[in-house]
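> So the chains spell out like this:
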Amino acid sequence: MKKKTNTNLLWQLFTSMFLLSSCTFGGGFVIVSLMKKKFVDEKHWLEEEEMLDITAITQSSPGPLPVNASVIIGYRMAGIPGSLAAVFGTILPPMIIISLISLCYEQFRTNTLVALALQVTRAGVAAVIIDVTLNLASNIIAMKNYFYVALMIVCFLAAVVFDFSAILMILSCLMIGIMTAFISSRKECA
Amino acid sequence: MPVILQLFFSFMQVGMFSVGGGYAAIPLIQDQIVNILQLMSIEEFSDLIAIAEMTPGPISINSSTFVGMQLGGVPGVLVCTLGCIIPSFVICLSLAHFYYKYRSFSGIQTVLASLRPAVVALIASAGLSILTLGVFRDGVTTVANIQYVELSLFAVCLFLLRKYKVNPILIILGSSVVGTLLYLFL
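Chains as they are written, first to last, in this note's numbering: chain A, 208 to 397; chain B, 535 to 720.
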């Protein structure tokens with residue numbers, strides 16, 4: 208019985224990632240938004256904060272973000288076999304699609320219909336990310352901790368106005384986090 | 535050393551040193567494939583980047599698949615993508631292990647709490663840049679460049695997501711089909 212549920216879980220990990228990966232145009236944060244919807248809101252496998260922590264870890268590790276996130280989520284749900292199932296689901300769709308396209312890439316690259324479909328899909332992808340952002344941001348605001356709200360606004364401005372890189376931003380916030388942890392532990396001792 | 539083994543180690547280096555998303559990987563792949571191994575010309579490489587951007591999936595997986603297919607068929611694909619993901623696998627498994635072991639400690643909680651606003655901000659800025667590219671012609675933000683089909687498509691999608699919690703996969707596929715049809719018949 209245990210074995211059966213485990214196989215079922217691995218299959219769910221694989222199929223979820225296969226589906227998400229097939230639809231992820233335009234960078235790692237698109238798939239993070241989709242993963243948040245799938246694993247936090249729909250399947251209730253992860254807590255929202257956990258998903259954000261995982262994103263921070265994947266963003267600061269080398270390698271493709273969706274692969275990194277699949278490794279961690281797979282590990283969380285079913286250990287190393289879970290990681291393998293999730294990663295396999297993530298890399299299979301691009302492998303199949305690119306293998307097929309590489310046979311006739313000149314026609315694909317210059318096809319106007321493909322270019323058009325790609326351009327309009329951005330509107331839908333943007334809507335998905337903005338929807339997830341609104342949920343995440345409102346939860347940070349609902350914590351009623353002005354420090355974190357301010358940190359979020361500063362980071363957003365740094366990314367949009369000053370083109371601050373993601374890895375630098377996470378490292379800076381890591382420093383800030385270590386300092387706050389240090390200060391609050393000093394307060395507790397005093 | 536056989537080409538296929540060279541490719542494996544090349545893509546392993548790409549996987550190991552590309553920190554911070556797809557666009558960090560492009561110069562690394564270029565260095566390995568065009569400059570060091572000379573398996574592709576720079577023109578072929580720019581085609582590859584164009585295609586990688588037009589198809590779903592991480593850019594380094596896309597390019598390792600493309601290079602592998604061009605140079606060694608299906609076995610080439612397997613070797614290149616495996617090389618690319620092995621470093622991620624090892625590093626992220628170790629990080630995941632430590633995260634789940636120590637995350638309940640209060641000190642670690644405080645540290646993680648300051649990372650979360652940064653992640654939300656990063657997701658927000660990614661959303662904003664895709665929105666800009668989608669709604670404004672060539673991503674140039676002036677009133678004259680607003681593309682009204684995309685703008686209305688975005689508004690409808692966001693409304694469906696917020697109000698009716700429509701499945702995001704449906705939204706992405708739907709926007710692609712409806713948008714293309716609108717352009718063809720308007």
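Source of the hints: derived by calculation from the structure; they are not laboratory data.
Owing to the predicted nature of the structure, the values given are computational and were not obtained by experimental measurement.
Do not take every clue at face value.
As a list, the in silico DSS-like pairs of lysine-lysine whose alpha-carbon atoms are at most 25 Å apart [stated by the list, open to error]:
(1) B:LYS697 to A:LYS250
(2) A:LYS250 to B:LYS699
(3) A:LYS394 to B:LYS699
(4) A:LYS394 to A:LYS351
> Determine for every hint whether it applies to the structure shown.
Verification of the supplied hints:
1. Under the criterion of a C-alpha separation no larger than 25 Å, the hint pairing LYS697 of chain B with LYS250 of chain A is consistent with the structure, at around 20 Å.
2. Among the hinted pairs, LYS250 of chain A with LYS699 of chain B is consistent with the structure: their alpha-carbon atoms are about 14 Å apart, no more than 25 Å.
3. Our distance criterion of 25 Å between C-alpha atoms is broken by LYS394 of chain A and LYS699 of chain B, whose separation comes to about 44 Å.
4. With a CA separation close to 21 Å, the supplied pair LYS394 of chain A and LYS351 of chain A stays within the 25 Å bound.
In summary, the structure is inconsistent with hint 3 from the numbered list given earlier, while agreeing with all the others.
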